[in-house]
Amino acid sequence: MEPQTIIARRIAKELSPGMLVNLGIGIPTQVANHLPPGMQVFFQSENGLIGTGSVPEEGMAHPTLTDAAGGPVTALPGACTFDSAMSFGLIRGGHLDLTVLGGLQVEQSGQLANWMIPNKMVPGMGGAMDLVSGAKRVIVAMQHTAKGKSKIVKKCTLPVTSTRPVDMVVTELAVIEFRDGRATLRETAPGVSAAQVMAATEAELVIPANIPEMSL
Amino acid sequence: MRTISLDESVRMIPDGAVLMIGGFLGVGTPERVIDEIVRQKKRNLTVIANDTATPDRGIGKLVHAKLLRKVIVSHIGLNPETQQQMMAGELEVELVPQGTLIERIRAAGYGLGGVLTPTGIGTPVEVGKQRIEVDGKPYLLEIALRAEFALVQAFIADYLGNLSYALTARNFNPVIALAAGTVIVSADNIVPVGVIAPDHVVTPAPIVDYLITNA
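As you go down the protein sequences, you meet chains S and H in turn.
Sequential numbering from 1 applies to the first sequence in this note's numbering.
Sequential numbering from 1 applies to the second sequence in this note's numbering.
In case anyone wonders, no lab produced these hints; they're calculated from the structure.
Since the structure is predicted, the reported quantities are computational estimates derived from the model, not experimental observations.
A portion of the hints provided could be inaccurate.
[Unchecked claim] To be clear about the criterion: a stretch of chain S counts as covered by chain H if any three or more of its residues have a C-beta under 8 Å from a C-beta of chain H, and this derived list gives those stretches:
hint, segment
1, 58-64
2, 78-84
3, 116-128
4, 189-198
Just so you know, even glycine gets a beta-carbon here, dropped at the ideal spot from N, CA and C.
Please take these sequences and the hints and turn them into a complete structure.
The structure is reproduced here in structure tokens:
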């Protein structure tokens, strides 16, 4: 299974009916493809839409129905649209049950860096800082390492997105939970040992006696 | 509200003006007004908007034509020209978290001096800002953001200037309409009064100063 698929399938298990969820660009977007058939989840797109559906068939796109990356989407039955003040009121005001975001680094206290690499990549934070500061629950979807280096680090070297710690990181190797300033290894991917996860991780991990395998 | 031609509407904007422009990656941006600003070569403009779109679209065209002195936006990631001009020191870029940006604009439009938000605490966004505690929780004081002109794209305008918007083209438009000295509206459809039901009016007519006539 592709790393991205492992990550997206595992995070899909965290969704339940009726939740309001915001998915970031990249791997997070794929989470929507792995929900049980018929499960009603409200997906928010921060440009002003709840009820974001799949990409329309060719020739059926509408120039004013887009996602937060500007690409065409559909709206599911029951969808609604609103302005950006309402959209970020939903995000910051404690109404968003879950956000799933990509990450550049997560440190062992749970702080996330995902919006810039000084002098290299300065795209702007867009909605990321509001999402991490405001959502009830924050899950980071990212590969465990980049160019062989752990992305789960002792201390972020990149500027953080928020001082609010994320709740969970899901990688192709592991599920790591952040609570009380510590990172705990909760699950390993199929065929991956706790020792392998520890070897691939710079951060200090709390290792419980029983670490179940991810259910995909 | 007065009706106005596209050419006249842009003639009102002086070089060096501060503009708020609706749109999210170009969706909901008054494209023909942008094209006219480029044609009339307005210079040294400051733009307050969600993003700088792409080089061939919306606010991206103003970047490409080098008509801007400064942008206050949340995202420039899909416009490499904005990043190049920023790195070269030709364009000042102030990056603001999207939720903070829209609230700063909303605050100005609603007569508030600013807002308190948890967003940005402990990040580079906090630098130079006042931290205020409310009930033991820290917030940043983010001050109101105002402009001389708001360039609004609506889906439907009636003859009085009541506005409604289409789907995700709404975004910043109704919020900027309250935060600028002069509000200029371009609408996909102009219809007689009464066609928009009172419950469906998003921006009330008295807010609108100029409605650009459709060719």
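To see whether the hints hold, each was checked on the structure:
{"no.": "1", "hint": "58-64", "verdict": "holds (count 3)"}
{"no.": "2", "hint": "78-84", "verdict": "holds (count 4)"}
{"no.": "3", "hint": "116-128", "verdict": "holds (count 7)"}
{"no.": "4", "hint": "189-198", "verdict": "violated (count 0)"}
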